[in-house]
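Colleague: Chains A and B, in that order, give the protein sequences. Numbering follows numbering that gives the first Met the number 0, in which position 119 of the first sequence is assigned residue number 118; successive positions increment by one, without gaps. Numbering follows numbering that gives the first Met the number 0, in which position 32 of the second sequence is assigned residue number 31; successive positions increment by one, without gaps.
Hints listed in this document are in silico derivations from the structure and should not be mistaken for laboratory results. C-beta: ideal position from N, C-alpha, C; glycine also. Worth double-checking, as some hints may not be accurate.
[As the list claims (entries may be wrong)] To be clear about the criterion: a stretch of chain A counts as covered by chain B if any three or more of its residues have a C-beta under 8 Å from a C-beta of chain B, and this derived list gives those stretches:
{"no.": "1", "segment": "51-61"}
{"no.": "2", "segment": "85-98"}
[As the list claims (entries may be wrong)] Covered stretches of chain B (in silico footprint by chain A; criterion: 3 or more residues with CB under 8 Å from a CB of chain A, positions within the stretch not fixed):
{"no.": "3", "segment": "4-13"}
{"no.": "4", "segment": "30-43"}
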Amino acid sequence: MIPSPNWEPRIIAFCCNYCAYAAADLAGSKRMQYPVNVRIVHSPCTGKIEMEHILEAFEKGIDGILVAGCLEGGCHFLEGNLRARKRTDRIREILDEIGIGGERLLMVNLSAAMAPTFVERVNQIVETVRALGPSPLHSSKQTESVGQP
Amino acid sequence: MIVASPKPITELKNLIARHGKVLFVGCGTCVTVCLAGGEREVGIASYAVRMARRIEGQPLELTQVTIERQCENEFIKDLAEPAAKAEAIVSFGCGAGVQAIAERFPTKPVYPGLNTQFLGILEEQAIWTEKCMGCGDCMLAEFGGICPVTRCAKRMLNGPCGGSTETHCEVDAGRPCAWQLIFTRLKGIGQLDRLDDIVPPKDWSTAWHSGTRKIVRQEHRV
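In isolation and in its complexed conformation, chain A is listed as follows (with noise of 0.2 Å):
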């Protein structure tokens, strides 16, 4: 799909609370720069996010997901980012099969003195999405389904 002039990809950022979402405001802190287009959602760790919640946002139209978490080893609950990893691996399985692209979702690990790191993981998520284009469920039409979720 060829996007229009005025696109710019949509991001959600999942950060945990301990590193991830202190490093992110670490960066607001040393006013550092690091572009609009990503939301950012404050989990309690990374392992909290559920395969639903990541496949929710891409069906509702999202263009690009950002999971980020603890170092490996530095997991306040011990193995929630060890979790987090194997799940985005198998969600980027799904993506791919069904044609979305697995490249839409990046999963990353810092610190939370990793400010830097996390300007640089937000930047590279956005330009890939952004050489990718909308996502493909943009131009769809989508339909009401019942029950849980």
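Once you have looked at the hints, place chain B on chain A.
Modeller: For chain B alone, kept in the frame of chain A given last:
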């Protein structure tokens, strides 16, 4: 419990390609425990199939319901209302659940959402192994509680074959030799003398080889 595994999203999508309104039915018993067909797994499959259909320009109206047990009419009857509104049903139960729903709704196409695998147990998180093949004539007492009918690749009943390598099966090096397990277990419970008994050829007439089986217990009939 009955262990099943999910079908690939593409296969699911192709199963219902001709339908526009579909009911996805999860099962709250075995397949929920084995993380294949419970409410959460049905939800994930629904998101994926719905998005795939939208991308193809054929939006899908999807309803999801998870019932307690798909293999009992008492619970299946709760599906009457959503099933009436759907063109087809995808059952995320085991093979028994799929067929029970198909019998209950004779005019609706019912498709399987899972591949039913075996009767097994959870070894550790997300690892299941087969323990029973339902042969209808349980011989576990003779083998210290380890089933060679299910767990020996050659179904040997009188000791190991000559191909086992140390403690593992020659058919699959990652699989423990059932007869090594039986020996260790019988030794542990002080019943090694059972190995002196010759086990006669097994009567397979109680297994599925002669067709589907049926059990009637008059004492519980009403």
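Colleague: Which hints from the list above does the structure break, by number from lowest to highest?
Modeller: Per hint list: zero violations.
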